[in-house]
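Mind docking chain B on chain A? Use the hints.
2 protein chains.
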Amino acid sequence: MGEKTIKSETKYEGKFISLRVDEVILDNGKTATREVVEHPGAAAILAVTKEKEAFFVRQYRKATEKVLLEIPAGKLDPGETPRDCAERELAEEVGMAANDLRLLAAFYTSPGFATERIYVYLATGLKPKTDAKPDEDEILDAQRIPLQEAVQMAKDGEIEDAKTMIALLLAADLGLAR
Amino acid sequence: MGEKTIKSETKYEGKFISLRVDEVILDNGKTATREVVEHPGAAAILAVTKEKEAFFVRQYRKATEKVLLEIPAGKLDPGETPRDCAERELAEEVGMAANDLRLLAAFYTSPGFATERIYVYLATGLKPKTDAKPDEDEILDAQRIPLQEAVQMAKDGEIEDAKTMIALLLAADLGLAR
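In the order they appear, the protein sequences are chains A and B.
Residue 124 in the numbering used here sits at position 124 of the first sequence, with consecutive numbering throughout.
The numbering used here runs 1000 ahead of the 1-based position in the second sequence.
Okay, chain A solo, but in the shape it has when bound (with noise of 0.2 Å):
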């Protein structure tokens, strides 16, 4: 099973995402045309300290034209490790460093048009780092929530957001938010 591009043409270079439009021909020799958004790949972080509560941040965001509830995350800078991006967006966004880093989950957000693969890690032993500082055109709120709490918020709707409802429904299978 396979595509072949006999076709490729850039629509969009831009500062975080590009688009491309591929020609294929598919295995029963037809040919189709497929829609690629580039995507650097992320890294997202679930930080839970000794009382249970999970670090989240708060944040509007363009294209659903609202404010969501998402554990801190990030693009990968050029060679950067999903693991070193996860540790900086956590200084970043909430100014916690982690003793402990689990891979939790590595996953395609919208394989149907995107390249983005997320690598969401568990990160516990947590101490504070430096103040956090978001980039410059991030408007963050950074809280914490019982993890308990915001994974029942996942269930109920409350957290809209695919990889933050990944990250605790995991850590709720671990016995985490018990």
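There are no misleading hints in this set.
Straight-line alpha carbon distances no greater than 16 Å define the calculated EDC-like cross-link-like pairs of lysine to aspartate or glutamate that follow:
no., chain 1, residue 1, chain 2, residue 2
1, A, K15, B, E1023
2, B, K1004, A, E65
3, A, K62, B, E1023
4, A, K62, B, E1003
5, A, K11, B, E1009
6, A, K15, B, D1022
7, A, K4, B, D1137
8, A, K11, B, E1013
9, B, K1015, B, E1136
10, B, K1066, A, D27
Beyond 12 Å from chain B on every Cβ pair, some chain A residues (computed):
no., residue
11, E87
12, T130
13, I145
Just so you know, these hints were derived from the structure itself, not from any lab.
Glycine included, each C-beta is placed from N, C-alpha and C at the ideal position.
Coordinates of chain B only, in the frame set by chain A:
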């Protein structure tokens, strides 16, 4: 918390998605650029048989350059409700109809750059409807997998699609995989 758009430019208008670049003013008075992929939204459906098997499709995804195992899903047609879309995809991709449909979750797959919102349904009371007939440019391999096994695959990283992971983890949480 919000972002006021002061300029918006469409950079690409395609068959399924389009891309625009917005210039926005943040609450702190600074300006920023937002790259937004516009997507019509989608519906996905976790269909579970009396024997606790679920339906999946294996499909080559150009954006990921690999074959992924996913629950049936597709973009909303113009004017189509998420529920109708879920039922249509269930028929088209695996040839089934459902007596009972229940909304499991609705979420943003990648709110940092895409408007895509997916509605995930749980379907039970299944019966064969028609022969599966995927879209002309889709090559799908439909299969049934015991729900418990599929949930384990989502936890182990063998299932790498965000919507499918969320559907399976929520189904497990509801006790359906026991």
